[in-house]
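S.K.: We have chain R already, so just place chain U on it with the hints.
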Amino acid sequence: MISSSAADKADQPTWQYVQLADYQLPTTPVTYSARVRFASFRRLFQRDMPSQSLPLKAQEKLSSLPECLLETIAPIPDWRDSASALNTAMSDWLDKDVHRAPVMVIVGAPYSGNSEALQALAKMQSWRTLDSPAPEQILTGDSGWLSSQVTGAGPWVLPNLEKVYLRHAEGLQLVRQFIAHACSGNMGKVIIGCDSWAWAFIQHLWSGPTPAVMTLQAFDEPRLIKYFQGLINASTGGRLLIRLSDDGRYVLPLPEKHDTGVEYSNFLQIVAAYSRGNFGITRKIWCSSMQTEPGENQQEHLGTEQADMSQQTIWIIPWNQLKLPSLPSDIGCNEAFILHALLLHSGLTQEVLQRLLPLPQKSVLATLYRLKEYELVERDNADWQVTPLGYPAVRQFLQSSRYLVDQF
Amino acid sequence: MDSSVAAAEIVRTLIAADVFQLALIVIGTWLLIILSSRSLAWLAKRLAGRFRFYTLSAIPILRLLIILAGLILFITSVIEPTVENLTVLLGLLGFGLGFAFKDYVSSMLAGIVTLYEAPYRPGDWIEINGAYGEVRTINMRNAEIVTPDDTVVFIPHLKIWDQLIFNANDGSQDLQCAADFYLHPNHDAAQVKQVLHDVALTSSFVQIEKPINVIVQEKPWGTHYRLKAYPVEPLQQFDFITDLTIRGKAALRNRGVEFTTAVSLAQRDS
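Sequence lines, in order, name chains R and U. Using numbering that gives the first Met the number 0, you'd call the opening residue of the first sequence number 0 and step up by one each time. Using numbering that gives the first Met the number 0, you'd call the opening residue of the second sequence number 0 and step up by one each time.
You may find that some hints are simply not true.
Unchecked claim - List of simulated lysine to any residue pairs, SDA-like, C-alpha gap at most 20 angstroms:
1. U:209 with R:203
2. U:248 with R:71
3. U:227 with U:240
4. U:227 with U:160
5. U:209 with R:139
In short, the hints are calculated from the structure, not lab data.
Next up, chain R with everything else stripped away, as it sits in the complex (with noise of 0.2 angstroms):
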């Protein structure tokens, strides 16, 4: 049977916000734990590159999902099934008086859609959304960047609070006059949405009064079943087998007549607790984790209805044989000077890196092409950001490094 945690909350909405305080982080299994502890003091005795990144003998009978097939049955997420979630819960603060609440803040972890979502609730609402202001404007002071834009009366959605600032010392002072001028109500009703690094490192240069904040529920396993498993019901009529790859437990629920005597996995518990609950994370690991058998062509058959897909199986990795991205082991503070702006900003180009960073421009830009070699960082456009299946062992990282870490 699937975990009575799991049969228990099979109920519960999928995309779900509540307050800051309700934020829920997935229970983690006990056998990952004692594996995450013992690989981290086996890591201790690494030299360089961890055992984690060679190529699995066992995998070379499977290849990965092609793209196609990946976008249909674990595609992005239509961000208006978070958005109306959202509608829903900030209803009672709709309602109130304008001087009373003024201001919502929506927290949401890296890559957990949080942003997607504010714009998609701007759009059904017809809500106006204000740009973020350049980082010129940003050490500069120019207020200009908000009064040319918010003309007659909200609601107004700032959908990334994290691009207000800069983490200099000219780089706090047009967040703060933003924060004061949403606050006071003049503005009208304001929703912010926020990165929960940035929201971390703004709650310490904020000292006026605290906006009300919700923020999405985490994506346990429950969630995490219901949602991938509706997927694959909607693509393929629910035929779609997903098993481990090494001992062919079920991940996913079968059917309630074929589900007697079936045993069943916890890989999602493990992706659930790994990701801490954040659905962008989780989603990166799951596509990763699908493998099939090479000749197996399940797009043809997700093509043809008279297909027989009652035997088409997706073969998911075991989590002890996941090749994710890990920290070199003589990582250094170079490194982490760059993941935490990273993180704080929710991505930098290279430029402004510099400006913000003690570091000199070689050494900048060569800590970041190595940790681009270990999957930590990439490059969209011309931003840096940390790679979402980077992220976990990042954030663990910093934290155990003493660094400022959001709540997550």
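M.R.: Relative to the frame of chain R, chain U by itself:
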């Protein structure tokens, strides 16, 4: 049995003892000390945070335990450990060592006291007699500290009896740093205080969960600002102060705040 007879008996027993066995005990103890010290020091280098401190602190304690065990083995190998024998042996040792190695023994006793009172531990940043550095090792007789100039200073433990010991982090990773700014008195002090606070808050080195303080004092020659904050790692303290100073000066210059100097005061006086 009077004491002279007992002493003669002990000496006879010492001569008759198995020299090979005694040598084995001494070498074994020495090897164990070296092995435990090096392996724990190696492990500490690979650990972060409080675990590094715990591991480093375990080195002198483990060494003391090994020495005690070796000593007990040694004594029981050469004499029968009766109260009389032990009293005489300790008396002989005390008499001999008391004159010849008074300071040495005092340092060793102080070394044992340091393990209990812990005025400094490996990983602490201490200042004794003007020498400031990180405690690298605590030996039986002395402590080794490494100064910021990468010079090793050996400090006998007996200093704890009569010297002031300044411990900057006292077994934790929280070490306060201060950057000084000397400004011309004609400025907006509240604004400067806020600017300096932001300078610390935006430093990559800062331990943000610890308090940031700006102390302002008016002096005859100008205004003295002392920006106090904690780095993430005590090892980063000098880089942290440098970062605060460079960025603090830049931020103050941007706002047109003037710095006070000895030359400008001299010019003003003339």
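S.K.: Look at each hint and say if it fits the structure.
M.R.: The hints, checked one at a time:
With a CA separation close to 11 angstroms, the supplied pair residue 209 (chain U) and residue 203 (chain R) stays within the 20 angstroms bound. For a cut-off of 20 angstroms, the pair hint linking residue 248 (chain U) to residue 71 (chain R) is broken: about 56 angstroms separates their Cα positions. Distance restraint check for residue 227 (chain U) and residue 240 (chain U): the Cα-Cα separation of roughly 9 angstroms lies within the 20 angstroms cut-off, and the hinted pair is therefore satisfied. Restraint check for residue 227 (chain U) and residue 160 (chain U): not satisfied, since their Cα atoms lie roughly 31 angstroms apart, outside the 20 angstroms limit.
Under the criterion of a C-alpha separation no larger than 20 angstroms, the hint pairing residue 209 (chain U) with residue 139 (chain R) is inconsistent with the structure, at around 28 angstroms.
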